[in-house]
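*Asks:* So the chains spell out like this:
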Amino acid sequence: MNTPDLQVTFCGKLFRNPLVLASGILGTQPELLARVAVAGAGAVTTKSLSPHPRAGHPNPSVLKWGPGFINAVGLQNPGVEAGVRLLEETRRLLEAQAPEVHLIASIFAETVEGFARVAERLTAARPDFIEVNVSCPNVAHELGRPFAADPEDAAAVTRAVKNATDLPVIVKLSPNVTDIAVVAQAVEAAGADAIAAINTVAGMVIDVRARRPVLANEEGGLSGPAIKPIAVHAIYEIYRKVSVPILGIGGVTCGEDAIELMMAGATLVGVGSAAYWHGPEMMGILAGQMRAFLRAEGIARVCEVIGAAHRTEEAW
Amino acid sequence: MAVNDNRAEGLPCSTACHVRARIVTVEEENYRTRTFTTDLHWPHARPGQFAMVWLPGVNERPLSLLSHTPVRFTVAAVGPFTRALHHLQPGDALWVRGPYGRGFPITGRYMVMVAGGYGVAPLHFLAQEARQTGCHITVIVGARTRRDVLFVERFTALGVPLLITTDDGSYGRRGTVADALADVIRGSHPVDAVYACGPAPMLEAVNRLCKAARVPAYLSWEGIMRCGMGICGTCARGAWLVCRDGPVAYPEDDSSTSINAGGIASASHTSRLPR
Ligand SMILES: Cc1cc2nc3c(=O)[nH]c(=O)nc-3n(C[C@H](O)[C@H](O)[C@H](O)COP(=O)(O)OP(=O)(O)OC[C@H]3O[C@@H](n4cnc5c(N)ncnc54)[C@H](O)[C@@H]3O)c2cc1C
Ligand SMILES: Cc1cc2nc3c(=O)[nH]c(=O)nc-3n(C[C@H](O)[C@H](O)[C@H](O)COP(=O)(O)O)c2cc1C
Ligand code: FES
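Top line first, the protein sequences correspond to chains D and B.
So for the first sequence, the numbering used here puts the first residue at 32; every next one is plus one.
So for the second sequence, the numbering used here puts the first residue at 8; every next one is plus one.
In case anyone wonders, no lab produced these hints; they're calculated from the structure.
Careful, some of the hints might be misleading.
Okay, derived cross-link-like pairs now, SDA-like style, lysine to any residue, Cα gap no bigger than 20 Å in a straight line [claimed, not checked]:
(1) D/K95 with B/V26
(2) D/K95 with B/T32
(3) D/K95 with B/Y107
(4) D/K95 with B/D155
(5) D/K95 with D/A241
(6) D/K95 with D/R243
(7) D/K95 with B/R27
(8) D/K95 with B/R41
(9) D/K259 with B/T22
(10) D/K259 with D/G222
(11) D/K95 with B/L62
(12) D/K95 with B/R104
(13) D/K272 with D/G222
(14) D/K95 with B/T140
(15) D/K95 with B/N66
(16) D/K44 with D/A156
(17) D/K95 with B/E136
Since we're looking at a predicted model, the values are computed, not measured.
Start from the sequences and build out the full structure, keeping to the hints where you can.
*Replies:* Written as structure tokens, this is what we have:
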């Protein structure tokens, strides 16, 4: 059999493979984003950029925990103006080194208007997509519950960002809700071009010898293998309810995990915490594993597996 | 040892993020630097690797290992975290995770080690290990003035030749470690490799010298750290992750990023650094 084809189309754009560097992982420097891209990503995402620079939470802020990680970085970022330069420089590097890799600008703000302002400003730097992070679980002390906790709030942000940019808009949802598919439907109706799911799962780890939460922020977000079934379930439910494409994220550490998220309904697969095991060169490793799986299963093109777990008995 | 640990029965076991260690001894190194010996053993840890050390309610910061069995740290009190650490007494607890990062390789027959500030700690660890392989070693320790000089007794006890420099000449030779290194490199024994840990300007000077003399340099850099394990990107110098690709930069890393120029890289190329 020929080499299986990993190409997918997402919002009308061709991706050389479905693997996307998730926001907040290695997305701090243009050179680092380019390093991940050159090593085999289909797209890379910046750290979420906000209207003003944010110092983030004190340490401990990112910890390995059992089968995953817990973090409360608190959206540390250099702010939108430095963000424009980050995007422009990343774009320049990608054009020189990996021109087929898409660039996703993740944005975050405290208010609906703030989201629109950041989206508008960053659009000037021409990323390929705007990803709207309405779902960070670890700034609640400071900012109250995230917009993604309420379908109406999430829809309001989506509308505002859509009005502020001509770029395709991906809205990133939180699993920390009763029914994520309801939120997905609301943002789809508000004009979202795609949905990303999931952000981290709200959690806390207490050190029993220190008798206190380990994160300086106390609560944080879980990522890594610990959350993969939550991600798969969320993607599965969203896929049933919306028709826009899904960027599935959560707990992927190998090629078969990526296939699993695609079978739940994801067209693209975000990868973050896996950098712990595979390093910044992780995407080439995962892409190779995806090809090996497809070859072994006799599947010619990866797009055939999208939503495959939803098949009825007679479909196969 | 862990209490109520399922490990023996093959059941899921404690998922704590840190290990609690106890301070066994505290030694005064100079007016602002102390060495803490813990009850922790990390036999696999290498010279140049570091730990993330958590003081609950204070902060969590990277510290280099001075030794692995037992784990020891040498800490300069420069701010809130390191000052809080200096308040710890034997019997007190601290929480650690690691070891992290890529340390120093032991290469060649004649190794020169250049230390500034707490950089004496990882290099003392390296000198101790390298001596067991029969390498020749010269150590250069630099400081601003006499009272900042560290580890004279410890290096002397190891039996390795020691050169001391101070900016004002109040102890050892007047000048910088780079001046002393230049002399050693020009000396009668060909130097196989230079190892350095200290402030960035010192590392840059060492790097320039070694490049000009075509001597491989292994330089341990600092970065602001959160995860310490290659996830968050906070410590990045260009494409290079201080916590994972380093903290020790190898000679072959140098052309691929501007790590040795410091700060954000010139970005004309993406590194594919050897692991
Ligand atoms: C790999 C590595 C190994 C180190 N090993 C040692 C050691 O063995 N002994 C020792 O005394 N010091 C060591 N340091 C430096 C030590 O981590 C800092 O001195 C310490 O973080 C200062 O914290 P503070 O709260 O006392 O001071 P602050 O006032 O918070 O900071 C003083 C300086 O420490 C640095 N710093 C601040 N935040 C961080 C952070 N999150 N991560 C890293 N550096 C930071 C900055 O350069 C700052 O100017 C090491 C640093 C690194 C990166
Ligand atoms: C250290 C860290 C920082 C993160 N920062 C962001 C962020 O700034 N914006 C965002 O939308 N998601 C952020 N995330 C969430 C990830 O993008 C991703 O949704 C989540 O980690 C699940 O994927 P994973 O299991 O592959 O890591 C962060 C995750 C981690 C671990
Ligand atoms: S400290 Fe997180 S990547 Fe280095």
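*Asks:* Next, verify each hint and record whether it holds.
*Replies:* Going down the list of hints, with the structure as the test:
1. D/K95 with B/V26: Cα-Cα ~12 Å, so holds.
2. D/K95 with B/T32: This hinted pair is violated, its Cα atoms lying about 29 Å apart.
3. D/K95 with B/Y107: 12 Å, holds
4. D/K95 with B/D155: Not OK: D/K95 and B/D155 at ~37 Å, beyond 20 Å, violated.
5. D/K95 with D/A241: Holds, because 17 Å separates the two Cα atoms, which is no more than 20 Å.
6. D/K95 with D/R243: Within the cut-off at roughly 17 Å; holds.
7. D/K95 with B/R27: Answer holds: D/K95 to B/R27 is near 15 Å, not above 20 Å.
8. D/K95 with B/R41: 29 Å, violated
9. D/K259 with B/T22: This hinted pair holds, its Cα atoms lying about 18 Å apart.
10. D/K259 with D/G222: With Cα atoms ~28 Å apart, D/K259 and D/G222 exceed 20 Å; violated.
11. D/K95 with B/L62: 17 Å, holds
12. D/K95 with B/R104: 9 Å, holds
13. D/K272 with D/G222: 15 Å, holds
14. D/K95 with B/T140: Violated: D/K95 and B/T140 sit about 35 Å apart, past 20 Å.
15. D/K95 with B/N66: Between D/K95 and B/N66 the Cα gap is close to 17 Å, so the pair holds against 20 Å.
16. D/K44 with D/A156: 18 Å, holds
17. D/K95 with B/E136: Roughly 30 Å separates the two Cα atoms, so the pair is violated.
Checked against the numbered hints given earlier, this structure breaks hints 2, 4, 8, 10, 14, 17; the rest are met.
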